[in-house]
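Enquirer: As a plain string of letters, each chain reads:
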Amino acid sequence: MMGKRVIFKEKGLPYLLIAPEVILVMAFFIFPAAQALLQSVFREDAFGITRVFVGLENFQRVLSEPLYVRAIWTTLGFALCVAASTMAIALFLSALSTGIGKRAIVYRTVIIAPYAVAPLVAGVMWFFLFSPSVGLISYGLRMVGIRWNHTIIPGQAFFLVVLAASWQRIAYNFLFYLGGMQSIPDSLIESAAIDGASPAVRFWKITFPLLSPTTFFLVIMNFIYTFFETFPVIHQLTQGGPSNATATMVYRIYRDGFRGLDFGGSAAQSVILMAFVVTVVALQFRFAERKVVY
Amino acid sequence: MIRKLLFVGVCLAGVAAMAFAGGAREEARPDYPMELEMWIGLGGDLGQRIEEMAADFNSSQDKYIINVVEQGDYEEAMTSAIAAYRAGNQPHILQVYEVGTGTFMGSRQVIKPVYELMAEAGMPMNKADYLSQVTSYYSDLEGNMLSFPFNSSTPIFYYNVEAFREAGLDPHDPPSTWPEVAEAAKKLMATGNYSAGFTFQWPSWTQMENFSAWHNLPLGTKANGMLGWDSELVFNDEVRVRHLQQLADWQKEGVFQYGGRRGDATPLFTSGDVPMYIASSAAYAGIARTADFEFSAGFLPYWPDVAGAPQNSIIGGGSLWVMGGHSDAEYRGIAEFFAYLSSAEVQAEWHQFSGYLPVTYAAWELSREQGFYDKIPIHNTAIAQITLNPPTDHSRGLRFGMFPQIRNVILDGMEAALTGEMTAQRALDQAVSRGNALLREFERTIQ
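In the order they appear, the protein sequences are chains Z and D.
The letter at position 90 of the first sequence is residue 90 when you use my numbering, and the numbering goes up by one with no holes.
The letter at position 231 of the second sequence is residue 231 when you use my numbering, and the numbering goes up by one with no holes.
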């Protein structure tokens, strides 16, 4: 209320200027979300010929299915694994890349490069590397006595999708951590060094706490990433299998809706996913943000 | 200034809207040559060959032009066509995989039955000309074809002839029962050259759907859904449970290696790693191209203690559906295209190129005269297998609503048993009850 307020004399201009944004949000968010909400209370055949209002029956049907409940846990486990591994690796790499002089530019470019690869292409690459029949890595593993077949061993399939989803995401995390580290004043680190603090102590006592806003931001972004954007990787590598070990909530929406043509159940799932993501992020803000030092 | 900007904006929007509406209205005039859209779910060599067939038809007359559009895989083609139908601009012809059959038959107003289309065009189909084992999958109870069985295949038992020789097995007498398969696998494994004895592709299709038909066992009641949408799945009986449990045990012993839900297992066979492979007869061309060893194929193995076995195998692949909502003139053109596709020459050429089963007796006969089966006996094996016995209620075909999902449910069950997550009995019990829930859901949506 105390801030500077700019008053436009013309009433039309502000509306015109925000119009593109409003139109985009309406077209790509509000409208589809409203459609999903509407569809989730109807039962419909594949061709849309009959459409019957069924209230919350679709939700009840989805939530009473044990495999759907399992998909919720799979999604959470997947998000935790991806967030933890990408952030740990990205933090480690960005700590290493500060203070190595001119070579840093090469090093950083190499780390960031995977981010430019389309997720589906990355999926194809991992698919070939780990293919049980023709994969280079699976061949190597067989040489050292590990039987690799992610098409039937659930743990291996889960590991593979975590690996493929994390690989690309490290670049994104790396960029933010690097930016965060570069904004920490050198004077703080230097005075600690003069006081005799070792590099490890300097990192954990100064750098890491000062990066807490970045860490918090990245936790949320990584969760949202695994909830929604890991679809191509899963689709390419495992199609949710074996025995549903990698069927996340977003993959189930696709499989039931677009492949199974169960539009009502799929819409109910997307509403549940929306509520789930809002809940998880709200919990993170409620409990984790307290520990953040801005 | 702002007014001017707004005015320009409104004008532009108006022009865009008019252009849009104009574009949508354009095609309503019946005019020759008439363009007909055909969406297919095949790519690569096969997709290209279909485009060539359409081009040949287009140049054989000047009234109709068939435009072939590749829509990704079968599932994607079907999903796109359904979305297009809902938006009111569906294609004229759509290639649908066999599991989508129930979805289309459940919504009769969406489709134009092929027998009706041909009759109205004055080119009625003579049922006796067609291989009933192929057409029954896509026919109603009176034997009227609802869709055109364009590309059908059936699973057969491929084996590596050189591996058989090396292991001291007779390459002219492949194992015909499952105990013999296990015995052969163990002999092959003893040479130390293979990572497993056998593998298969499309597990639900080869090890559940065809396994059931081959042993004359119902997958579901009501003749596998052909007699009504109130069919119940019943594949959790002793024979199916025992077979799945046996596969899981064989996997532990290394006799069998799982190769994924789709056709992904082919490289296991073609790399020489696994010497026996149950796969589609249409996989022949791909295997022949990549395998650098001699191979052959026999009938699917069966359990000798099951009374009804071997019965006959069932088909998979795609058929061409004609979508509803088009004009009589357009249907006339589609009928002419189908008549062209049914001719013995075109059929025989397609059959010999692709390895899909011939649809008509004339095409089968012509291929025999041309010496095709002397050159590649495997194709005769596939035809002999589907025509081994007159089909029963359990081996005519499958017609379940939501079958794409039910197939996933079956695969979930098979994988749960193969990963050792649960016993075969529990896995199939669970699959049956989940599948039945889907059937009941489908029954309600089509009412």
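Incorrect hints may appear among the rest.
[Unchecked claim] Simulated DEER-style distance windows between Cβ atoms:
1. Z:Leu136 x D:Gln370: 37 to 47 Å
2. Z:Phe228 x D:Arg440: 27 to 37 Å
3. D:Asp56 x Z:Leu136: 34 to 44 Å
4. D:Ala83 x Z:Met143: 19 to 29 Å
5. D:Arg444 x Z:Phe31: 25 to 35 Å
6. Z:Ile184 x D:Asn89: 56 to 66 Å
7. D:Val69 x Z:Leu56: 36 to 46 Å
8. Z:Pro14 x D:Arg49: 18 to 28 Å
9. D:Asn89 x Z:His235: 21 to 31 Å
10. Z:Tyr107 x D:Asn67: 49 to 59 Å
11. D:Arg444 x Z:Ile224: 49 to 59 Å
Keep in mind that the hints were calculated from the coordinates and are not lab data.
Idealized CB from N, CA, C, for every residue including glycine.
Enquirer: Hints first: check each against the structure and report whether it holds.
Expert: Hints and how they fare:
1. Separation of leucine 136 (chain Z) from glutamine 370 (chain D) is about 43 Å and conforms to the stated range, judged on CB atoms against 37 to 47 Å.
2. Checked against the hint of 27 to 37 Å, the C-beta distance between phenylalanine 228 (chain Z) and arginine 440 (chain D) comes to roughly 32 Å, which is consistent with it.
3. Range check, aspartate 56 (chain D) to leucine 136 (chain Z): Cβ separation about 43 Å, and the 34 to 44 Å hint holds.
4. In this structure, alanine 83 (chain D) and methionine 143 (chain Z) break the distance hint of 19 to 29 Å, their C-beta atoms being roughly 47 Å apart.
5. The hint said 25 to 35 Å for the Cβ distance between arginine 444 (chain D) and phenylalanine 31 (chain Z), and at roughly 29 Å that hint holds.
6. The supplied range of 56 to 66 Å is met by isoleucine 184 (chain Z) and asparagine 89 (chain D), whose beta-carbon atoms lie about 58 Å from each other.
7. The supplied range of 36 to 46 Å is met by valine 69 (chain D) and leucine 56 (chain Z), whose beta-carbon atoms lie about 40 Å from each other.
8. A beta carbon spacing of about 60 Å between proline 14 (chain Z) and arginine 49 (chain D) contradicts the range 18 to 28 Å that was offered as a hint.
9. The supplied range of 21 to 31 Å is met by asparagine 89 (chain D) and histidine 235 (chain Z), whose beta-carbon atoms lie about 27 Å from each other.
10. At about 52 Å, the CB distance of tyrosine 107 (chain Z) to asparagine 67 (chain D) agrees with the hint of 49 to 59 Å.
11. Against the hinted window of 49 to 59 Å, the Cβ-Cβ separation of arginine 444 (chain D) and isoleucine 224 (chain Z) comes to about 36 Å, which falls outside the hint.
Of the numbered hints listed earlier, those contradicted by the structure are 4, 8 and 11.
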